[in-house]
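Enquirer: According to our numbering, the sequence shown is numbered sequentially starting from 17.
Each hint should be verified, as a subset may be incorrect.
[Claimed, not checked] Okay, the calculated beta carbon distance ranges per label pair:
| id | residue 1 | residue 2 | range |
| --- | --- | --- | --- |
| 1 | Glu295 | Gln118 | 52 to 62 Å |
| 2 | Leu188 | Leu36 | 45 to 55 Å |
| 3 | Ile277 | Lys218 | 44 to 54 Å |
| 4 | His283 | Gln148 | 46 to 56 Å |
| 5 | Asn257 | Phe217 | 41 to 51 Å |
| 6 | Leu141 | Asn50 | 49 to 59 Å |
| 7 | Asn276 | Trp214 | 55 to 65 Å |
| 8 | Asn276 | Ile103 | 51 to 61 Å |
| 9 | Tyr149 | Ile120 | 52 to 62 Å |
| 10 | Val40 | Thr130 | 14 to 24 Å |
| 11 | Met294 | Thr130 | 53 to 63 Å |
| 12 | Gln148 | His311 | 52 to 62 Å |
Hints were generated in silico from the structure; no laboratory data involved.
Here the structure is a predicted model, which is why all the values come from computation and not from measurement.
Virtual Cβ for every residue (Gly too), placed ideally from N, Cα, C.
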Amino acid sequence: MDQRYSKAQFASILGIIANLILAVIKGVAGVFTNSKALIADAFHSASDVVSSFAVLIGIRAARKPPDPEHPYGHGKAENIATLIVSILLIVVGVEILLDSIQSIWDRTTENTSTYALYVVIFSILVKEALFQYKHRLGKKINSSAIIADAWHHRSDAISSFIALAGIGLSILGREYDITALLYFDPVAGSMIAVLVMWMGFKLGKDAVHVTLETVLDDEETKEFFKTTMTVGGVERVDMLNARSHGSYVIIDVKISVDPNITVDQGHSIAARVKERLMEKHAEVQDVYVHVNPYH
């Protein structure tokens, strides 16, 4: 658990530093190159800074052991962090969309400098590298918050691609005196906004799904069933519910055993079920076993 925490913390801090640098570079470049798309992209990177802080807070909270008030642990703190990220994405997306639409509506166009293209290309390379690193790490350590933050980087990389297209077309419009192409910069800003809001909605939906303690489906729990049935003395699995608590799973299972054995023997079988499930499935943090008589 300590190794998992250290890796997740390092990834979050790395994301904060990288996003802060990119936000400043894109923001300054956007102002000096008169690019609405690049300024919008800078705000997207700035939102990544806040989201990475939220993820870091969630990871630290999730590391706390169970206590009387939180007997199932603090794993859902990561999902709360994910929800914060999603809300932030939606808010930023709305702001970018309104600003871009206003520019198009007012028919205000700016002469975008070619330097904006270099900044966007640099941003794409950095954000895609961060996505690959965090997505693989999130899968490896089973952290929903790290995976959510990785997709935040990917959405920023995609939005930078859109900004690249918008800025490029705007520059072509200036070079060849094609007025219609000049509007592609704010149009790109609008597209970025829609992308940002969609990503926020998707991540928020997944976070709420876990927070509401929706149980895993039959396909996801079939291996738990199989493992339980390998324990000697278990005659039947009457019920098995597995709930995701962020990076780990809590299982509630009802088993049937020989009705003629003693209470102590039934308790021993239940203990072996718990032990077997936690040994064979690394994501299982705790198991609650109810013993029924087999008829």
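Enquirer: Quick check on a hinted range of 55 to 65 Å for Asn276 and Trp214, using CB atoms only.
Expert: holds (59 Å)
Enquirer: Between the beta carbons of Gln148 and His311, is the distance compatible with 52 to 62 Å?
Expert: holds (55 Å)
Enquirer: Using the Cβ atoms, figure out if Glu295 sits within 52 to 62 Å of Gln118.
Expert: holds (59 Å)
Enquirer: So the hint says 41 to 51 Å: do the beta-carbon atoms of Asn257 and Phe217 match that?
Expert: violated (28 Å)
Enquirer: Starting from the range 46 to 56 Å, see whether the pair His283 and Gln148 falls in it by beta-carbon distance.
Expert: holds (48 Å)
Enquirer: Are Tyr149 and Ile120 spaced within 52 to 62 Å by their CB atoms?
Expert: violated (36 Å)
Enquirer: Is it true that the C-beta distance of Asn276 to Ile103 lies inside 51 to 61 Å, as the hint says?
Expert: holds (56 Å)
Enquirer: Can you let me know if the beta-carbon spacing of Leu188 and Leu36 is within 45 to 55 Å?
Expert: violated (32 Å)
Enquirer: Just tell me: holds or violated, for the beta carbon distance of Ile277 and Lys218 against 44 to 54 Å?
Expert: Given range 44 to 54 Å: holds, Cβ gap about 50 Å.
Enquirer: Just tell me: holds or violated, for the beta carbon distance of Leu141 and Asn50 against 49 to 59 Å?
Expert: violated (23 Å)
Enquirer: Could you tell me whether the CB distance from Met294 to Thr130 stays inside 53 to 63 Å?
Expert: Distance hint for Met294, Thr130 holds at roughly 59 Å.
Enquirer: Determine whether the Cβ-Cβ distance between Val40 and Thr130 falls within the hinted range of 14 to 24 Å.
Expert: holds (20 Å)
This entry does not satisfy hints 2, 5, 6 and 9, going by the numbered hints stated previously.
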